[in-house]
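Protein chains in written order, with the numbering used here: chain X, 1 to 636; chain E, 1 to 337.
Keep in mind the hints are simulated off the structure, nothing from the lab. Source: prediction; values computed, not measured. By construction, the Cβ of each residue, glycine as well, lies at the ideal position given by its N, Cα and C atoms. Hints may be right or wrong, so weigh each one.
Unchecked claim - Here are the simulated distance ranges between beta carbons: (1) X/E494 - E/Y285: 54 to 62 Å; (2) E/D192 - X/N188: 53 to 61 Å; (3) E/A114 - X/Q617: 49 to 57 Å; (4) X/E494 - E/P267: 42 to 50 Å.
What the hints assert, rightly or not - Cut-off 27 Å, straight-line C-alpha distance, at most; resulting in silico cross-link-like pairs (DSSO-like, lysine-lysine): (5) X/K135 - X/K199; (6) X/K415 - E/K10; (7) X/K413 - E/K166; (8) X/K413 - E/K104; (9) X/K513 - E/K105; (10) E/K118 - E/K72; (11) E/K305 - E/K290; (12) X/K99 - X/K199; (13) X/K298 - X/K102; (14) X/K513 - E/K208; (15) X/K415 - E/K166; (16) X/K413 - E/K118; (17) X/K102 - X/K416; (18) X/K413 - X/K18; (19) E/K72 - X/K513; (20) E/K10 - X/K416; (21) E/K104 - E/K176; (22) E/K166 - E/K208; (23) E/K177 - E/K208; (24) E/K10 - X/K513; (25) E/K180 - E/K208; (26) X/K99 - X/K340; (27) E/K101 - X/K413; (28) X/K57 - X/K46; (29) X/K618 - E/K105; (30) E/K290 - X/K513; (31) X/K417 - E/K105; (32) X/K416 - X/K135; (33) X/K18 - E/K72; (34) X/K513 - E/K253; (35) X/K416 - E/K208; (36) E/K166 - X/K513.
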Amino acid sequence: MSTIKTERRKLDLSLLWKVFGTAFFVYLFFGFMLLPCLNTLTQIFKANPEDPLAVIKFFFVGNMPSFVWNSLKLALALVVTVNVVGVSIVLLTEYFEIKGAKILRLGYMTTLIYSGVALVTGYLFLYDSDGIVTKWMASAFPEFNKNWFSGFYAVWFTMTFACTSNHALFLRNAIRNIDYNTVEAARNMGAGPFKVLLKVVFPTLIPTMFSLTVMTFITGLCAMSAPTLLGYDSINPEIVRLAGSAVTDEAFPQARAALLSVILALFTIVLLTVLSSYERKGHYLSVSKTKAKLVKQKINNPVMNVLAHIYAYVLWIIYMTPVVMIVLFAFQNYEAIKKKVLSFDAFTFVNFFGTQDYNYTNGRKSLIREDAISGVFSNDRTIAGIRTSFVLSALAAALACVIVVIAVNYIFKNKKKLSSTVLEYSLLFPWLLPTILICYSYRTFFNSNEIWYVFNQNLYYKDNVRLLIIIAYAVVKLPFALRMIKAAFYAIDEELEDAARNLGASGWMTFVKVKLPIILPSVLAVFALNFNALFTEYDMGATFQSSNGTTYAMVIQSMTHDEGIGGWNINATGRRNASTVFIMLVSGLILYLVYGVGARDLSERLEARDRRRRWLQKITSRLRPRKPQPEPHMRS
Amino acid sequence: MIELKNIVVKFGDFEALHNINVEVREGEFFTFLGPSGCGKTTTLRTITGFIEPVEGLVYVNNVDITHVPIEKRNIGIVFQSYALFPTMTVYDNIAFGLKVKKLKKSEIDARVRAIAAKVDLSDEQLQKAVSQLSGGQQQRVAIARALVTGPAIICMDEPLSNLDAKLRVQLRNELKKMQKDFGITTIYVTHDQEEALTLSDRIAVFNKGYIEQIGTPNEIYNHSATEFVCNFIGDINWIEPQLAQTMGLAEGKNHFIRLERLRVNQPQREQEIILDGTVESREYYGLYIKYYINVGSQVLKVIEKNDGVNIYEAGQAVKVGLGLADVMSYDAAAQAE
């Protein structure tokens with residue numbers, strides 16, 4: 001009897017879980033993905049009640065096509081240069097024998113630890129009208145245009161080097177996975193190193209290259225921080241501008257922002273459809289049973305070899321100069337940064353901690369503003385930005401992980417059911433939408449007291465916006481989390497679950513004790529990577545543009561504004577550099593934790609524990625007072 | 001002990017098991033043998049509860065367990081991959097089932113250490129990660145984990161298939177010894193005939209979801225019930241019709257003779273036919289030598305013990321003896337079906 005009761009209780013619980021789970025995912029999909037975006041779509045046709053097509057007509061007569069064209073131009077240009085630079089850095093460090101490859105690789109990979117606004121401000125530090133390189137050029141050529149670093153070419157140049165992170169990760173993996181025996185076979189049949197590269201190596205890289213090309217195109221199309229900071233009229237900055245504009249200033253600003261968002265979404269959907277249909281065709285897989293590790297190829301032609309080395313180090317200088325300069329100037333005082341001259345005497349930590357007085361003259365007399373020069377961690381506005389970004393990013397990254405882990409567990413348990421397919425596609429849905437569209441849709445849709453399913457609360461009002469940002473962050477990161485965590489679930493041997501059940505574990509216990517510990521490193525990695533990306537993300541924060549949700553990246557962006565002589569925005573460049581150093585440290589630490597510590601399996605962790613224990617024993621045995629030795633007996 | 005009655009298992013429209021009937025005795029080492037996809041693992045999973053049959057009943061000690069949940073069947077399993085939890089130490093792996101049963105910590109410890117000692121795992125090994133152990137040690141952990149909860153039956157699904165040949169033979173012997181020591185009823189799944197013959201008390205040979213024969217290794221090998229069993233177990237010579245006619249064997253049947261039953265250059269015995277042949281080639285195995293001998297109408301494979309003296313060269317004329325009593329005959333029509 002009691003067994004029947006227990007079974008019934010179990011059944012009730014599982015039914016409850018199913019109902020709750022279904023309700024939650026339906027709520028998430030319709031409430032925070034579909035309805036807000038549909039609302040954006042309808043805005044286009046509702047702007048003028050007399051003519052539903054008014055906004056579209058306005059689009060063609062106004063200057064809006066130029067924003068679309070500018071974005072397309074940037075995307076196309078980036079596809080060429082990012083691929084050229086991306087392929088170059090991978091070949092130079094992984095395929096060809098180039099001296100100092102390890103150092104070169106470190107330089108090329110700096111974009112992994114600083115990107116977005118932080119990276120663009122780094123480039124600005126060198127190349128803007130007051131930048132180091134511009135100053136050098138101006139002193140060498142007095143006629144040199146100090147405002148040279150702006151507009152299309154500046155954005156193109158900056159993004160070319162900023163967007164090679166994916167190449168550095170994925171193309172590197174692809175090239176390292178090449179079976180060296182195929183290279184040897186081609187060499188054996190008389191092919192030279194470049195012929196082998198062209199005919200044997202490149203064809204195996206094509207699928208990865210194709211994916212990277214599509215991703216680069218989308219990145220170019222959706223570019224935000226570089227065009228905003230470097231002044232280039234592309235789609236995203238225009239959406240943000242229009243979203244904040246009033247009807248009294250210009251015609252249909254919100255509806256035009258919506259139209260631009262939808263255009264961006266259409267481009268993204270088409271490109272991702274092309275990409276996924278291509279991916280479905282399959283990849284070139286090595287058929288070797290025993291794969292040989294790739295051996296670096298020596299460039300035999302001495303001229304080519306020298307040219308390759310020169311090219312490698314020129315690229316390295318381009319990558320490294322902003323990083324080195326930012327790090328060095330992060331520890332220089334206000335005057336040194338102003339003059340862009342490094343000096344040991346100017347060494348200071350004030351850009352990080354503490355404050356200093358600011359002396360200035362207003363033309364008539366010398367004035368002092370007390371504590372006007374402040375460091376990152378002593379400046380209220382910067383601290384607030386860091387705190388906001390930290391909390392919002394951590395909560396959103398955790399939320400995305402929890403949602404995805406629960407969903408993927410269900411998907412794997414119900415592989416052949418329609419419900420699991422629907423769930424998977426609904427979580428991938430945000431991938432089709434540009435982040436700007438999602439954020440813009442949230443901003444307009446939830447800026448109302450009439451949305452019943454959020455209890456008629458205006459989520460864009462005051463502090464509520466933080467909740468809205470968390471949801472937006474989480475929703476945007478769902479597809480990435482799904483792909484990564486799903487891959488981790490694939491690594492779980494199905495027999496493990498059977499074994500746990502056979503040993504008497506319930507479904508919940510099997511999940512907590514067996515499956516979760518296996519996928520935990522991947523889940524933590526996804527959490528860390530998402531946190532890392534969100535902590536310094538600019539695009540979404542800028543789209544929400546709320547004083548109650550000012551993120552760290554927005555604060556950094558504001559540091560690029562001119563410094564006023566009255567003390568306004570004083571030491572912004574110093575804090576900007578210190579912020580970049582701080583971001584690099586945080587990102588570096590996260591990458592180390594994810595790929596260094598997190599990737600260790602149990603045996604490696606146990607070995608590390610043993611090492612620690614032995615080391616402790618050694619220390620304690622040295623510290624322990626020695627027992628007095630008995631005096632030796634004298635021999636007679 | 002275990003009884004499967006008229007078991008039918010379907011995956012969608014595909015019928016994987018057709019009316020399976022097996023009875024396993026207490027303490028017996030019983031093997032399900034057959035090629036891939038024949039239904040042996042499906043039968044095992046039906047016993048362990050991972051698969052529910054659409055028809056038929058599963059009994060253990062005369063109790064119907066057909067619809068009893070997996071965790072309540074009291075059947076231990078050693079999986080093909082061992083399914084050791086990679087995030088747990090050896091100790092935690094073995095203790096898992098006991099922790100699920102919420103036993104006292106001291107009892108768990110005592111039982112884990114006792115079973116570890118029985119399967120020859122040291123205290124030091126208990127604290128290691130499973131990935132730090134060799135294949136053989138991992139197998140012992142899997143067995144210890146399956147046995148520690150005190151199951152009435154243990155099921156093993158190709159537990160030696162992931163190991164190299166030498167280790168497989170070594171562990172096969174250890175496995176047999178452990179089974180005898182524990183005296184536990186064991187169901188063993190394999191596609192390896194040699195493994196089945198050396199380990200088992202009895203064997204069920206599966207083919208396409210049916211059981212072709214149940215019997216002792218000797219019955220299966222020397223008195224194969226069907227042509228499939230005869231062909232599946234070990235290497236065999238098919239006696240082609242012309243030679244069968246020469247030997248006076250019945251028409252309309254397929255005739256087979258095992259390689260080791262043929263004799264080379266030996267005096268003729270009763271009920272034996274001697275054929276003139278020429279050695280075409282030979283394969284040297286050390287312990288024995290395999291000859292391919294052309295007897296005119298066909299090439300026969302023959303295994304001769306390597307005595308170091310009577311070794312025949314290719315092209316050498318020899319006499320091959322075929323005992324009529326050693327011929328296994330099956331209806332040709334039955335095979336065609």
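CA of X/K413 to CA of E/K166, is that 27 Å or under?
The given pair, whose Cα atoms are some 38 Å apart, is violated under the 27 Å limit.
Given hint E/K104 paired with X/K413 - CA-CA distance at most 27 Å:
32 Å, violated
Holds or violated: are the alpha carbons of E/K104 and E/K176 at most 27 Å from each other?
32 Å, violated
Would you mind confirming whether the straight-line C-alpha gap from X/K18 to E/K72 stays at or under 27 Å?
25 Å, holds
Quickly compare the C-alpha distance for E/K290 and X/K513 to 27 Å and report which way the hint goes.
54 Å, violated
Between the alpha carbons of X/K416 and X/K135, is the straight-line distance 27 Å or under?
64 Å, violated
Check the hint pairing E/K180 with E/K208 against an upper bound of 27 Å on the C-alpha distance.
At roughly 32 Å apart (the allowed maximum being 27 Å), E/K208 and E/K180 break the hint.
Tell me if the straight-line CA distance from E/K10 to X/K513 falls inside 27 Å.
32 Å, violated
Holds or violated: E/K10 with X/K416, Cα cutoff 27 Å?
Given pair E/K10, X/K416 holds - Cα atoms ~16 Å apart, limit 27 Å.
Need the status of pair X/K99, X/K340: alpha-carbon distance at most 27 Å?
Given pair X/K99, X/K340 is violated - Cα atoms ~32 Å apart, limit 27 Å.
Has the given pair, E/K177 with E/K208, been kept, meaning a C-alpha gap of at most 27 Å?
32 Å, violated
Does X/K199 sit within 27 Å of X/K135, going by the straight-line distance between their CA atoms?
46 Å, violated
Of the numbered hints stated above, those contradicted by the structure are hints 1, 2, 3, 4, 5, 7, 8, 14, 15, 16, 17, 21, 22, 23, 24, 25, 26, 29, 30, 31, 32, 34, 36, listed in ascending order.
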